[in-house]
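Enquirer: So the chains spell out like this:
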Amino acid sequence: MFCVSGINTAPPEAGPGGVNEAHQPEIRDRIVKTIYREAEAIAARVVRQTGPHRDWEHKVDDILTSRLLGFPVMFLLLGLVFWITLVGASYPSQLLAKALFWGEERLSEIFVWLDAPSWLHGLVVTGVYRTAAWVVSVMLPPMAIFFPIFALLEDLGYLPRVAFNIDPLFKMAGTQGKQALTMSMGFGCNAAGVMACRIIESPRERLIAILTNNFVPCNGRFPTLIALASIFVGPAAAPGFSSLAASFTVAGLILAGILITLLTSWLLSRTILKGVPTTFTLELPPLRLPQVGRVLVRSVQDRTLFVLARAVTVAAPAGALIWVLANISFEGQSLLARGAGLLEPFGQALGLDGFILLAFILGLPANEIVLPILLMGYLSAGTMVEVDSLTVLQNILVHERGWTWLTALCTMLFSLLHFPCGTTLFTIQRETKSLKWMFWAAAIPLAVACLVCFAVAQTVRALGLV
Amino acid sequence: MPLATELRERFNIHPDPGAAVIALAGNPNTGKSTIFNALTGLKQHTGNWPGKTVLQAQGTFHFGGKKYILVDLPGTYSLLANSAEEMIARDFLCFARPDATVVVTDATCLERNLNLALQVMEITGRVIVCVNFIDEARRKNIFIDVDCLARELGVPVVVTAARSGLGLTELKTGIDALVRGQIVTSPRRLIYDPDIEEAVARLEEKIPGEIKEWINARWLALRIIDHDRSTLDNIRQYFEVPEWGVLRERYKYCPT
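Here the protein sequences come in this chain order: A and B. The numbers in this note's numbering rise by one with no breaks, and the one at position 37 of the first sequence is 37. The numbers in this note's numbering rise by one with no breaks, and the one at position 169 of the second sequence is 1169.
Just so you know, the hints here were simulated from the structure itself, not pulled from any lab data. Errors might be hidden in some of the hints.
As the list claims (entries may be wrong) - Heads up, incomplete: computed chain B residues facing chain A, CB under 7 Å, no partners named:
no., residue
1, Leu1110
2, Leu1114
3, Asn1115
4, Leu1118
5, Asn1141
6, Ile1142
7, Phe1143
8, Asp1145
9, Asp1147
10, Leu1149
11, Glu1152
12, Ile1211
13, Trp1214
Claimed, not checked - Derived lysine to any residue pairs resembling SDA-like cross-links, with alpha carbons at most 20 Å apart:
no., chain 1, residue 1, chain 2, residue 2
14, B, Lys1140, A, Glu57
15, B, Lys1052, A, Gln429
16, B, Lys1140, A, Leu284
17, B, Lys1206, B, Ile1183
18, A, Lys33, B, Arg1188
19, A, Lys33, B, Gly1047
20, A, Lys33, B, Asp1226
21, B, Lys1212, B, Glu1198
22, A, Lys33, B, Tyr1192
23, A, Lys171, A, Gly275
24, B, Lys1052, A, Lys171
25, B, Lys1206, B, Asn1234
26, B, Lys1140, B, Glu1111
27, A, Lys433, B, Asn1048
28, B, Lys1140, A, Trp437
29, B, Lys1043, B, Pro1017
30, A, Lys171, A, Ala44
31, A, Lys33, B, Val1054
32, A, Lys433, B, Asn1082
33, A, Lys171, A, Pro160
34, B, Lys1066, B, Asp1099
35, B, Lys1140, A, Pro290
36, A, Lys274, A, Trp437
37, B, Lys1172, B, Leu1190
38, B, Lys1052, A, Pro290
39, B, Lys1140, A, Pro286
40, B, Lys1172, B, Val1159
Note that the structure is predicted; figures quoted are calculated from it, not measured. Glycine included, each C-beta is placed from N, C-alpha and C at the ideal position.
This is chain B alone, in the form it adopts within the complex:
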């Protein structure tokens, strides 16, 4: 079982006991960078994601006497590993296991943004959804029922207009409460077609305990069914698990 800090170091997160790691996910053009800049100010540095020519930005901020390391994930529409960016975002959530993940969404096209939020919530439950551009939405006569959204998703929702700084304190408060365990989330679970669900249930049991401790077993089972080879290859980098071929044989799934 690898150490948490060791896994995080693979993503260029330097170990800092006492600091919480927060991931910032979201579609492109949702004002993610504006939020990142507003939260971290000048305390940020940029580099590349390990082994990839994709820009990585990290920054820190303090809130309530605690230090937070904010990691800006590449802007993506999904986590299904269609591109290098999606793979990075997924791997970070999956292996570096941030203490909390902020999913930034655009209030003016919430539906499309929820696709990503739902996928993030499949990997980690420690999610806070940030509905950005709320000022823009109001101008366009779009009304968003925040309480209802929070109920539907089962995670806290914060409304922001990052460009004018609105809601950023609430966002920090939310992150803080989530990290300290004052908020317990119950993320909405996606229910797939019955045959898929059945296969997932079968597979979930067979996933070794040491992996289950680290990675959401249901999500991993879905990836195996989906034959998402890159996820399984990555898991092999971090955990001693049977070769992909063996794993596939062992968890053979034939849809009916």
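Same shape as in the complex, but just chain A:
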């Protein structure tokens, strides 16, 4: 199945005049026609349909790409994927956390036995080890479930259909439907999504796709969204529906991200990156039954373990740094608390607080460590608690720190929309070969995140909803 999108605006190659030029399109058409005719003739002699054509595929395709049902089906599938992830990950997550924090105790005992100084214990155990353990226990189970399911959808051939559904919207936004594909890649990793923008030929549209790629959450941000949704949305829903409600909240956030992508693209293509969308051909590959075994191995190996390794390698040193910041005091206040104090008024205006904002800033190397940094910031100021499950996390946030649903919502929105991680920015610099665009790639999302959070927080407060 083919579909052609956009208006072909590429002017026919104009030569320096002459009789020949005028005939060229005609010659090209005739050459192509001959090739097609020949291919058709050969196929007619060689290919035989020996039985009834199974057209269930077309029927399924009609539903998946229908004008009416395409979007609801997309939303339901997305919600379902998150639901499976949430439900499936909660128990292994707890188990893993228990095991890792058992390990922390043993590690502490070794330090005591070695008679090591307390700062070393703090740096290594409460800094490096705990952050890494947190990242592993919170991220590994959802990733081990989410990525394989996503990869199965990919192998099935569903993603091109998503691109097909979204294409008209992108066209309206003045860009190209291929951006839907690069956007889907961004769900895995924004750096990968930015690299994928190479498939877009027009430099203008490629830039738009690059600049807006981070409005879809990468896997570094999914755990944050999922954790916050299950803490704050889950309990609010009717009993028995809590994980379902949380899943669809995350799915809704993603829709919001896509909406912002479209809006920003629209704005960009009308301001600094003016132009008309170019044509592209999108082939919908046949829906194929995925090779389950291979997909599972590949997604666990290439994505889950890769992302985890990256998260841990970034989180461990960051954990040490944050521990230092949290434990070096200046005039009776830790550096971390001081920084947070400075950011507090700004954070409050956005519906956040100083610590949250600081965590996002310090989390620049990798989005995975934002939540661990936040907790470390909170905990360093108060009592030391082992965060071995979401319930404890909930206790800290709600009871000790006074988070409301608005704080959670704004944190999720900020996480969804804020500047991309360091790796992605570096990739953008490499792909565009320009520091200017790298700067814009950080500044535009930051501005959008601040704007949206500010608007949401002020509206909710003005209406007296919290």
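Assemble the complex: chain A is given as a structure, and chain B must be docked to it using the hints.
Expert: Structure of chain B alone, referenced to chain A:
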């Protein structure tokens, strides 16, 4: 006259005497990558095509005591240079002159895939057509007469189901036989409209011998008639030929 190895090096193919270079062409979504991975295993490396932000994958495999360098061309629907990918695929076939080219096709939509196969065969005759997803086709009750296809195209045809590894040995055997010259192909020639054919014949004669030695003259004549500027510009990079304008003047063609 440039050396073969020198031209190939321009496409990041490192010279390796004794190794044969095999190009892998095909439409997108025909299982080209699966075949590439199945043939080369872990012996592959990736980079960019020179001067382009398009991924290039190369790998090696051994068969019958011979080393083969497999180059995965970008997936394209045609070679008419509508996009960077098509240009790369065309230039590689045209200038790097692989010792054999495998055109991977999807058995479930063969007709569309044959368009590319026919275009590849216009550039090089050393082609082997691989009909992939044959298992899928059978499930859909599509039957493909392989012998007839081979006769029609005049090149060897191999049937594969790359995902389950079916037919890969036959593919390697076919490549090997083609490279060693045990199979001689007689690729089907596309016959265009009479006025085009006449112009092609006129032009073919005028193409300098040193270019003819390297590039299929008929194909080049068609490109000149088609005013495919990028091909001629590229030829100028590799061969000392008159400027494009001069060439165009010299081989002036006015369709009647």
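Enquirer: For every hint, state whether the structure bears it out.
Expert: To see whether the hints hold, each was checked on the structure:
1. Leu1110: At about 5 Å, which falls below the 7 Å cut-off, the nearest Cβ of chain A leaves the hint on Leu1110/B intact, so it holds.
2. Leu1114: holds (4 Å)
3. Asn1115: The hint holds - Asn1115/B has a Cβ within 7 Å of chain A, the shortest such distance being about 5 Å.
4. Leu1118: holds (6 Å)
5. Asn1141: holds (3 Å)
6. Ile1142: Cβ of Ile1142/B sits 6 Å from chain A, so the hint holds.
7. Phe1143: holds (4 Å)
8. Asp1145: holds (5 Å)
9. Asp1147: Violated. Min distance 9 Å.
10. Leu1149: holds (5 Å)
11. Glu1152: With Cβ-Cβ at 5 Å, under 7 Å, it holds.
12. Ile1211: With a closest approach of 21 Å, the Ile1211/B hint is violated.
13. Trp1214: violated (22 Å)
14. Lys1140/B - Glu57/A: Holds, at about 10 Å.
15. Lys1052/B - Gln429/A: holds (17 Å)
16. Lys1140/B - Leu284/A: Given pair Lys1140/B, Leu284/A holds - Cα atoms ~17 Å apart, limit 20 Å.
17. Lys1206/B - Ile1183/B: Not OK: Lys1206/B and Ile1183/B at ~31 Å, beyond 20 Å, violated.
18. Lys33/A - Arg1188/B: holds (16 Å)
19. Lys33/A - Gly1047/B: Outside the cut-off at roughly 36 Å; violated.
20. Lys33/A - Asp1226/B: holds (13 Å)
21. Lys1212/B - Glu1198/B: holds (18 Å)
22. Lys33/A - Tyr1192/B: Judged against 20 Å, a Cα distance of about 9 Å means the pair holds.
23. Lys171/A - Gly275/A: With a Cα-Cα distance of about 12 Å, the restraint between Lys171/A and Gly275/A holds, given a limit of 20 Å.
24. Lys1052/B - Lys171/A: Violated, at about 26 Å.
25. Lys1206/B - Asn1234/B: holds (19 Å)
26. Lys1140/B - Glu1111/B: holds (16 Å)
27. Lys433/A - Asn1048/B: Holds, at about 16 Å.
28. Lys1140/B - Trp437/A: violated (49 Å)
29. Lys1043/B - Pro1017/B: holds (18 Å)
30. Lys171/A - Ala44/A: violated (37 Å)
31. Lys33/A - Val1054/B: Since the Cα atoms of Lys33/A and Val1054/B sit roughly 29 Å apart, the hinted pair is violated (cutoff 20 Å).
32. Lys433/A - Asn1082/B: Between Lys433/A and Asn1082/B the Cα gap is close to 25 Å, so the pair fails against 20 Å, i.e. violated.
33. Lys171/A - Pro160/A: Between Lys171/A and Pro160/A the Cα gap is close to 16 Å, so the pair holds against 20 Å.
34. Lys1066/B - Asp1099/B: Holds. Lys1066/B to Asp1099/B sits at ~13 Å (cutoff 20 Å).
35. Lys1140/B - Pro290/A: With a Cα-Cα distance of about 17 Å, the restraint between Lys1140/B and Pro290/A holds, given a limit of 20 Å.
36. Lys274/A - Trp437/A: holds (16 Å)
37. Lys1172/B - Leu1190/B: Judged against 20 Å, a Cα distance of about 28 Å means the pair is violated.
38. Lys1052/B - Pro290/A: The hint is violated at about 32 Å.
39. Lys1140/B - Pro286/A: holds (12 Å)
40. Lys1172/B - Val1159/B: Holds, at about 12 Å.
Going down the numbered hints, you'll see the structure goes against 9, 12, 13, 17, 19, 24, 28, 30, 31, 32, 37 and 38, while the others check out.
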